[in-house]
Each structure stands twice: as C-alpha cells, then as structure tokens.
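Respectively, the protein sequence lines represent chains R and B. Take 1 as the starting number for the first sequence in our numbering and just add one per residue. Take 1 as the starting number for the second sequence in our numbering and just add one per residue.
Keep in mind the hints are simulated off the structure, nothing from the lab. Check each hint, because a few of them may be wrong.
[Said to hold, decoys possible] With a straight-line Cα cutoff of 25 Å, these simulated SDA-like cross-link-like pairs (lysine to any residue) come out: (1) B:Lys125 to B:Gly103; (2) B:Lys125 to B:Tyr139; (3) B:Lys125 to R:Ser110; (4) B:Lys125 to R:Ser155; (5) B:Lys125 to R:Ala149; (6) B:Lys125 to B:Asp85; (7) B:Lys125 to R:Asn115; (8) B:Lys114 to B:Arg176; (9) B:Lys114 to R:Ala98; (10) B:Lys125 to R:Asn112; (11) B:Lys114 to B:Pro154; (12) B:Lys125 to R:Val162; (13) B:Lys214 to B:Gly141; (14) B:Lys114 to R:Asn112; (15) B:Lys214 to B:Pro88; (16) B:Lys214 to B:Gln124; (17) B:Lys125 to R:Ala75; (18) B:Lys114 to R:Thr97; (19) B:Lys125 to R:Asp121; (20) B:Lys125 to R:Gln160; (21) B:Lys125 to R:Asp141; (22) B:Lys125 to R:Ser77; (23) B:Lys114 to B:Ala138; (24) B:Lys125 to B:Thr201; (25) B:Lys125 to R:Thr97.
[Stated by the list, open to error] Here's a subset of chain R near chain B, in silico, CB distances under 7 Å, partners left out: (26) Gly96; (27) Thr97; (28) Asn126; (29) Gly142.
Ideal Cβ placement from N, Cα and C applies to all residues, glycine included.
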Amino acid sequence: MNGKSMHWVHRLAALGLVVGLVAGPAAAGSAQSVGGQAYSTYVNTPLGFSGQSPLAVLPAVSGTDGAEADAAGSALSVAGALSSDFLNSITSGEIGTAETGAQSTASAASINILNGLITADEVVANVMSSADQSGAFSNADGSTFTNLAIAGVGSLAGDQPVAPNTNVSLPGVGYVVLNEQIPSGDGVTSSGLTVNMIHVYLQSLVGGVLNPLTGQIIGGTLQTTGEIIVGSATSRVAS
Amino acid sequence: MMREHRSLIVWPSLIATGLLAAACTDQPNVNMAPNRPSYWLTPPPAQCVTGKWTGGGRIDPTGNRAASNYDNVDEPAGGQPAAPDPAPYMTGKVTFGFNVFLGQDANGNCIVQKGEIEVNGHAQKRAWHVSIHNGVDAYDGRPVYANEFSDGHPGGVCVVVGIPDRPLPDGYMTARVNPGQGRETAQFEVCDNDRGGRQNTRSDAMRWRVAPLKPGETGPSGDTGLTYLTGGNIVEHGS
Numbered sequence: 001m002n003g004k005s006m007h008w009v010h011r012l013a014a015l016g017l018v019v020g021l022v023a024g025p026a027a028a029g030s031a032q033s034v035g036g037q038a039y040s041t042y043v044n045t046p047l048g049f050s051g052q053s054p055l056a057v058l059p060a061v062s063g064t065d066g067a068e069a070d071a072a073g074s075a076l077s078v079a080g081a082l083s084s085d086f087l088n089s090i091t092s093g094e095i096g097t098a099e100t101g102a103q104s105t106a107s108a109a110s111i112n113i114l115n116g117l118i119t120a121d122e123v124v125a126n127v128m129s130s131a132d133q134s135g136a137f138s139n140a141d142g143s144t145f146t147n148l149a150i151a152g153v154g155s156l157a158g159d160q161p162v163a164p165n166t167n168v169s170l171p172g173v174g175y176v177v178l179n180e181q182i183p184s185g186d187g188v189t190s191s192g193l194t195v196n197m198i199h200v201y202l203q204s205l206v207g208g209v210l211n212p213l214t215g216q217i218i219g220g221t222l223q224t225t226g227e228i229i230v231g232s233a234t235s236r237v238a239s
Numbered sequence: 001m002m003r004e005h006r007s008l009i010v011w012p013s014l015i016a017t018g019l020l021a022a023a024c025t026d027q028p029n030v031n032m033a034p035n036r037p038s039y040w041l042t043p044p045p046a047q048c049v050t051g052k053w054t055g056g057g058r059i060d061p062t063g064n065r066a067a068s069n070y071d072n073v074d075e076p077a078g079g080q081p082a083a084p085d086p087a088p089y090m091t092g093k094v095t096f097g098f099n100v101f102l103g104q105d106a107n108g109n110c111i112v113q114k115g116e117i118e119v120n121g122h123a124q125k126r127a128w129h130v131s132i133h134n135g136v137d138a139y140d141g142r143p144v145y146a147n148e149f150s151d152g153h154p155g156g157v158c159v160v161v162g163i164p165d166r167p168l169p170d171g172y173m174t175a176r177v178n179p180g181q182g183r184e185t186a187q188f189e190v191c192d193n194d195r196g197g198r199q200n201t202r203s204d205a206m207r208w209r210v211a212p213l214k215p216g217e218t219g220p221s222g223d224t225g226l227t228y229l230t231g232g233n234i235v236e237h238g239s
C-alpha cells in the first residue's frame, strides 16, 4: 500500500461499523433506520491481504437528522494481486418526516488484477435505498465500468454498465462476478443493496486423485481460496 | 487566463446572489427566481433557519446544454449564473456525498451550521472536501452562507452552499483539494426535485463550481453546470 491516507474521522467511522449498521434502529427509538458503507478495494488471497480500504461507514442517524462519511486513498498495491489508484468512498443517509434514505459510492481507478488478468480504467459502484409511505426500494443506477478488459474473454470500451451478476469463468484461477448485486429487505418497509463491481473468487481443486496414465486429476472439489473485491457500495433503509 | 476566471465567477455572481442573500434573510422560503410560478402544492421547502439536506451519488456533466441530463430549466433558479462560471465546463464522472444543516447567524443571515461535502472529479482525479462545524468553514475559519429557493420542478427546492453575498475572502467557501492538501474557493448546489414522490425519478440535480480565487489557493477552475443525477439521491429532509 503506497501513499494511502485516511482522515481520522473516517478511522473512527470505520471502528464504528457495528454502531453504524446495527445500532441505527436503537438510536432512532423507532423503526426508522438507515445504514451504509463503501470501500474501494479488498484483497484476501495467498498472495497478500489488504482489508476494506478506504472504508467509509455511515454513523448512526436518528430523529430527522442526516450524516455523511467519506474516505480516500491515493493508491493501493498488493503485489501480484491488485493495484489501483484514486480510491474514494462516500456514504450518506437521512431520516426525514416523509422519506428515509441512504446512498453510497465507491470508486477505484487504474485497476490491475492478477498481473493484468483483469484491467479497467475505473469502476464506480453507486447504490441508493429509499423508503416512504409507498414502499421501499434500492437501485444501483450509476454503477459502471470504464474500459474493462478480461484477458482471453473480451473487453468493453468506454464507460458503461454490465448486467447484474455477470459471471465470467477464469480458467485455472476461478471466476469473477461483475456488478455483483446482493439485495436485502422485504421491499415494503425495508430495502437494501450491496454492489461489488468486480468480485474475483480464487479457486483450487482439493481432494482429487492424480491419474498416473493421463496426468489428470480425477474427482476433488473446487474450493474458494481467496477473493478480490474492487468497488463495493452498500445502502439500506427500514421504515 | 486567471483574471478572466476571476471576473467571470465574481461579477455575475456577486450581483445576482448578493441580492439573494438579503432576500434569504428576510424571506427564507421565497422563490428568488423572478416571474417563476409558485409551486406550493406539495410539501413546501423547510425554513432556511433549520433546513436539513443530505444526499449523494453521481453526475456525468458533458458541458452540452442539449444533453438530456442538463438541468437547463433549474440552473438560473435562485439567481444562479449560467454555466460555465467559471469556465471551463467540468466534465466526466463526478461522484459526491453531503450532509448540510442550515441555520441563521446573529444578523439573520442564512448560514450552514454544520456540514460535510465530498466531491470527486474523476476525469481530473481531484477530490474536494468541505467541512463546516459550529457555523465555520474548517479550512478558512469563516462562516459559510447559504440560500434555499424553489426551482422549476413542481415542489422542487434547491440549496446553494457558499453564496458570494459579500466580497472575498468572505464570499463562497473554501474546500480542501487533493492530491496536495491544497485549498480552493468553491460553491455547491443541489436540488431535490422529487420531494414527496418516488425517489427514482432521476430529476434531482447537482452543480459544483471551483476556482483558485484567494491568494495561495491551488486547483483547477471549473463548473459542472446543474446536472441531473445518474444515480443516487438528494433529500431535503425537514426542519
């Protein structure tokens, strides 16, 4: 990690992850609550580890208040796994008399994953959740890839979205899910959404038997041995 | 070039919004745009003295007024100058998050009592931040004046943070700009144009203006123009 910086207030916000995401309803003293977080990168592989960074977590919001948290990093590098720069994470949320909402944005630029296996000029993860008398919903409008390329698979020119939960096999490595979307809530009184723009799952074959005649492994199961996430944003509301 | 930018941003703005500041003091709820119909059928904007605003997301300004995401109708509302002021147009992806609480100072002026504003210009790889506590801009120690007014959308309301109601260095506000921990004169405007309705209309808008106007300031000049959100939400959430 090179030149990474984070405001002290954001470090406090990071430490308050549980408070921000769980204690919101208690603080509000009612059913209304909002939560959000965003981070640009996460690496957990045999090649190296880097936690969710830079992490912005929405502080507890109560009454008819609102809050904002942001964090930034100039660059990140985990040798052989991920390099990126211009890392920014923002989350905000509000509880109002007529509507309650949260919105989060995470971005990363100059992305290089697994020594060029996946590259992109930039990704932006953008989510919002809203609840009012008519119901609750979330969306990921504004989440895009800029000049995404996957070696041996193809590339996307310009800045554009990718269909949610696009799964691409990475032979010998595992697979990647682009625009991974994880919804939550009932859509009536609560709603939430997490978007991971690039989620690489590293996999290894475990438990197979080597066939001495063919040199191939017979049987065994694929197990996830690591993961890399670039551009993760979460928002949620309950009314 | 620098002088041109300064005159562009100072003179039209001072004339127009100087009048607005006085009007804001006397009538904080009044639509400042002349000859504009009044839209008070949906919930009226909060009193300037206690208004709370929160939001975030993404805009994609193009500098093209014919683009579908350019909010031509609302840009002049509240006496705001036509973009780009200062030149040039700031284009490309811009992500942001904010939380602003309005109030009044001892003289009845509309001020920001507390607030955080984060704006990331992805094409420029610049990150601006404004932090206001106890009515004072953390980066210059001065009050930040604001104005709230109705716009051209039914029920729509906008807030401008950092109005130039008096000569520099008191007008506008000061943002930190990274990389480099520099300082820059800035103004932030958002419009909540779907109040009381579903929050996925993509009619909310944001505008960011920056220029190195004060001695020692660094950073580029630019103006996004008032641009509809690509994703995210702007919420005026009560008094």
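Restraint check for B:Lys125 with B:Gly103, where alpha carbons must lie at most 25 Å apart: Distance of about 33 Å is beyond 25 Å: violated.
Satisfaction of hint between B:Arg176 and B:Lys114, Cα-Cα up to 25 Å: 16 Å, holds
Hint consistency between B:Lys114 and B:Pro154 [alpha-carbon to alpha-carbon, up to 25 Å]: The hint is violated at about 28 Å.
Restraint check for B:Lys114 with B:Ala138, where alpha carbons must lie at most 25 Å apart: 10 Å, holds
Proposed proximity, R:Asn115 with B:Lys125 (alpha carbon, max 25 Å): 24 Å, holds
Holds or violated: B:Lys214 to B:Gln124, with C-alpha atoms at most 25 Å apart: 21 Å, holds
Restraint status (C-alpha distance of B:Lys125 to B:Tyr139 at most 25 Å): Given pair B:Lys125, B:Tyr139 holds - Cα atoms ~21 Å apart, limit 25 Å.
Given pair status - B:Thr201, B:Lys125, alpha carbons within 25 Å: 29 Å, violated
Restraint check for B:Lys125 with R:Asn112, where alpha carbons must lie at most 25 Å apart: 18 Å, holds
Proposed proximity, R:Ala98 with B:Lys114 (alpha carbon, max 25 Å): 22 Å, holds
Status of the hint placing R:Gly142 at chain B (closest C-beta pair under 7 Å): Because about 2 Å separates R:Gly142 from the closest Cβ in chain B, which is inside the 7 Å limit, the hint holds.
Satisfaction of hint between R:Ser110 and B:Lys125, Cα-Cα up to 25 Å: Roughly 11 Å separates the two Cα atoms, so the pair holds.
Hints 1, 11, 14, 24 and 25, counting from the list given before, are not met by this structure.
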